[in-house]
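Numbering (the working numbering), first residue to last: 212 to 438.
Each hint should be verified, as a subset may be incorrect.
To be verified - Just the calculated beta-carbon pair ranges, DEER-fashion:
#1 V280 <-> V311: 18 to 28 Å
#2 E313 <-> A265: 19 to 29 Å
#3 S242 <-> A364: 39 to 49 Å
#4 R237 <-> A405: 28 to 38 Å
#5 D234 <-> A352: 39 to 49 Å
#6 R237 <-> E269: 19 to 29 Å
#7 R237 <-> R305: 17 to 27 Å
#8 D276 <-> R305: 40 to 50 Å
#9 G244 <-> A356: 45 to 55 Å
#10 F316 <-> A265: 16 to 26 Å
Stated by the list, open to error - List time: in silico BS3-like cross-link candidates among lysine-lysine, alpha-carbon distance up to 27 Å:
#11 K312 <-> K375
#12 K375 <-> K267
#13 K267 <-> K312
Hint data in this document are derived by calculation from the structure and do not stem from the laboratory.
Since the structure is predicted, the reported quantities are computational estimates derived from the model, not experimental observations.
Yeah, the Cβ is synthetic: ideal placement off N, Cα and C, and Gly gets one too.
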Amino acid sequence: MAPAHPGLLLRDWGSVPYAQTFDAMRAFTESRGPETPDELWRVEHPPVFTQGVAGKPEHVLGAGDIPVVQSNRGGQVTFHGPGQVVIYPLIDLRRLGIYVKEYVFRIEAAVIQTLEHFGVVGFRVEGAPGIYVNLADPLNAGLPAGPRLDPFAGLGKVAALGIKVSQHRTYHGVSLNVDMDLEPFSRINPCGYAGLQTVDLATLGVRVSAAAVAEVLTQRLARHLAP
């Protein structure tokens, strides 16, 4: 455990099964007190599909040999696996003085800034939490202009977001795809959107280690979330 920022501790767990991490961060949140320092948990998960509380079974098209774990985070189904950076902020929002909407905005801002550091333009899509790229020109272009019958046409999702807030305290968090096997995403409707393409930095032509991306994302999150 090390300080990620004054008042914010970092735990780097390495590769840990999702269910084990889920139980640990839920237990941490339930047992923490008013003076418990906030933490960032940095992990990588073996292949797993996770379902949010509103997750619909039909969005899992065929899990095959990959387990599906029910979670209590928001959102629908997503995939975690090697080559993906996952960070779980365990934050007391009341102490930070913000509400959930601002918290989500700050996490997404940290991801956008991380992508910018590696030369990629990331952006939000209204009503669809996470961060997206313009597949035609991910290093220079943002959201395509003009009327869009399909809000995801020409876009790829590079980062997913799912959170849980209990008594103003957060857990779960954000995943950013770096260099991973993307095939499992074809077995689901990512985040509940049929046909949504999921990409990683390697697909976009950015060759960088997951460790390097994790370090930058940790720094950006710490700046946005430290009390």
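Results for each hint:
For V280 paired with V311, a C-beta distance near 23 Å keeps the hint of 18 to 28 Å intact. Judged by the Cβ atoms, the range 19 to 29 Å given for E313 and A265 holds: they are separated by roughly 22 Å. With their beta carbons about 46 Å apart, S242 and A364 fall inside the hinted range of 39 to 49 Å. Between R237 and A405, the C-beta spacing of about 30 Å keeps the proposed range 28 to 38 Å intact.
D234 and A352 have their C-beta atoms about 41 Å apart, which keeps the hinted 39 to 49 Å range intact. Against the hinted window of 19 to 29 Å, the Cβ-Cβ separation of R237 and E269 comes to about 27 Å, which satisfies the hint. Between R237 and R305 the C-beta distance comes to about 19 Å, which sits within the given range of 17 to 27 Å. For the hinted restraint 40 to 50 Å between D276 and R305, the CB-CB distance of approximately 42 Å keeps it satisfied.
One distance hint, 45 to 55 Å for the beta-carbon pair G244 and A356, holds here, with the actual separation near 49 Å. Checking the proposed 16 to 26 Å range against F316 and A265 shows it holds: the Cβ atoms sit about 21 Å from each other. Our distance criterion of 27 Å between C-alpha atoms is met by K312 and K375, whose separation comes to about 12 Å. Using a Cα cut-off of 27 Å, the hinted pair K375 and K267 holds, with the two alpha carbons roughly 18 Å apart.
This hinted pair checks out: K267 and K312 have alpha carbons roughly 24 Å apart, not beyond 27 Å.
The structure meets every hint from the earlier list without exception.
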